[in-house]
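Trainee: Both chains come to you apart, so use the hints to assemble them.
Going down the list, the protein sequences come from chains A and B.
For what it's worth, numbering that gives the first Met the number 0 labels the leading residue of the first sequence as 0, then goes sequentially.
For what it's worth, numbering that gives the first Met the number 0 labels the leading residue of the second sequence as 0, then goes sequentially.
Calculated directly from the structure, the hints in this document are not laboratory data.
Quick caveat: nothing in here was measured; it's all calculated off a predicted structure.
Heads up, the beta-carbon is just placed ideally off N, CA and C, and yes, glycines get one too.
One thing to keep in mind: the hints can contain errors.
Unchecked claim - In silico negatives: residues of chain A with every beta carbon more than 12 Å from chain B:
#	residue
1	L47
2	L61
3	P62
4	R104
5	E123
6	K124
7	A126
8	E127
9	L129
10	A131
11	A159
12	A163
13	L170
14	A181
As the list claims (entries may be wrong) - Chain A regions said to be covered by chain B (calculated; three or more residues, Cβ under 8 Å):
#	stretch
15	40 to 46
16	49 to 58
17	66 to 76
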Amino acid sequence: MISLWIRISAGAAMLLPSFAWAAGGGGGMPQLEFGNPLVIAQVVWMLLIFAALYWLVKNKGLPLVESVLEARRARIQGDLEAARSAKANADAAMAAHRDATAKARAEAQASIAGALQNAQAEAEKRAEVLNAKLAEQVTAAEARIDVARGAAMGALRDVATDTAEALVQKLIGAADRGAVGAAVGREMAARGRA
Amino acid sequence: MAAEGKAIDALSQFELSPVLGMVGQAVGFSQANLFMVIAVLLTMGLLVYGMRQRAIVPGRLQSLAETSYEFVHELVTGQVGDEGKRFFPFVFALFMFVLFGNLLGMLPYAFTFTSHIAVTFALAVIVFVLITVVAISIHGMHFFSYFFPEGAPKILAPLIIPIEVISYFSRPVSLSVRLFANMVAGHVMLKVFATFVVLMGSAGAVGIFGAVAPLAVNVALVGFEFLVAFLQAYVFAILTSIYLHDAVHLH
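The shape of chain B in the complex, shown without the other chains (with noise of 0.2 Å):
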């Protein structure tokens, strides 16, 4: 699938290559596992350089640090309540693993493991099972009531235990295929108007001139993706907050 002359290419970004030479090869470690690592040793990295000083009055990386600490801190404990200060790592590992998974994304020549539907889903199911334990293991049997809410009358029961089983499932796929289709399709947008810049540039004089309208919208479309970047690990981060509240409360 490697670009074939002129044509637009948008996918092959996409695609998984190994690294690591032969040692890579053999244990399938690709070049997205490579940018996870790296995201992983960005958060810390700014978590423990950030905090190194410990500054009564913090600098501008100890800032950072402490922002995202309480921006995740204020999340969870503002949707789940007190009781969901023992999920804050756990939220705060998926919502800045997700972000820097897409920020990393839109250096150039970098692999955006958030675009991968694989990688996206295996973090929903993640936060399915989660959600799931978490909630049998506080209410029980009752748990199974969340699927037909008190009050309902009887008779709906076989319209409304369906819909709520079928929502319930639906959470994982909803909230991988979200934050998939979105760098999906922004990477797509970016490599497509890219690709117009180059196209129309080799096409001589006039085309140059042209190619000023899709480098326009390519230096708009960059600062969108920055703002997706961080919108999605946010909703991401959410969702999952808004899951465990019901795990933890039923409704």
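Chain A extracted, bound-state conformation (with noise of 0.2 Å):
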């Protein structure tokens, strides 16, 4: 498109300038009449003034645009540099904040399994204790126990010669005590009783 307007602008230029011309009736292009020394005048002001022009924004204008876009790229760099610094700074806090969490909770894992190290030995102690305790008192009850079990066997026997004298007494009227004690005596031992 915009060569497209160069290319009719050209020729519009072309055009247009002889269709006035006529219609102005006489006369050409005032950029042509060469013979006008203003034409020419023009020119050598024109080398001066953009010489000037030339010399004013080469050593005034721009750089001192330059130096403000500098002092902005500057300020832009620093901020980011301290951005970058206090990223860091605050990466570093996190990192230590992190180890320290991590210290913690290994230490307190450690305090707990050595508490419970700790209380499962004394348990064990105190059951062993328990134990031999209770395994004594079983020792002693079970001995209880025999003396009881022979004393009542004792008693059994008496009781069973007594049964039996009376029983042979009221059998056959009289009954010698011993003779039914020896009874009694083979007899408990043959059924395992002694």
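Mentor: In structure tokens, the structure reads:
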């Protein structure tokens, strides 16, 4: 579109002046009147004016803009660096915090494990003591039971002998306590109760 | 060549006349030169006044100054590369000079100095001399290899070399005629359609309605001319950069 316009306007430049010239009735383009001293004079003045513009732009204008742009770049760079170092600090703090947390957790776990172990050892010790005590009591009780059983068995023999003697007395009118006792002893031995 | 009655006079707007009274007449200082001085003052005003606050966050005028700086800087370094930085002030001055010359011409009663072929050709010659001097100072005699591209068949040398030489020497012509023709065409068309408006408007009640059409055309043309004013300054600057690229790198 741009190059098209350039061509169109260039074409119009060729056509329109001739049309305008015809309508205006005489005279050409003032730009082509090189006999006019002003046409050349304006170029001489232009060289001076353009040289002045070049000098001013090069030594005053552009360094001014450049310095402001440079200051902005430096400012942005500085801010970015500050932000970067702040981020590094934050990262370091974060890492330290994470380490501390991990350490604390490990310590807590270790102390929990230690306490658990201590408790277990204590419980085991107590259980052992208790077991020993119970075993002792069991042994004592068993001894007592044996004694009681012995006593009970002795009493049983007496009861059996008495009963047998009474029965024999009833049956045959007389009983030899010694013989009855021996027979009861034999019978009980036969049944494995002696 | 003043307006003769109701004739369409589209060309008298390009006539030069001395300003500053007797002094201007004596030294040949015309209104074209006055507008060149105004263009210089506006350029420097934009840079110095626009940047006066040196703000980190720029205001409107400072933005404009910085944008023009960065626009031309991009243009030069984009075309020429890093070696182009030393030509940046020149291209910047050229761009602003042509741009303000074109834009000032859009003001009523103002003079468009870029509508004079002598002015645009002188600017193009400055560019032409610069690129030739730069090319020879960088490449020495090797510069002349520019007119015969490497790898081209030797048998075509009688054909290629004249074409390249003609194309090289037509650079200032095309550069200057493009700007000149665009500005003249635009201003002639504006003047012609404006004259239509006046001629038809003076032809009675019907004519006033008829004058609406050329007026509408002129409104559109003004917008278009602002585009052309910027575009031609840009074209002038970018072609200068492209020529500088050729001078620095030889193809």
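Trainee: Flag every earlier hint the structure violates by its number, smallest first.
Mentor: Hints 1, 2 and 3 contradicted; others consistent.
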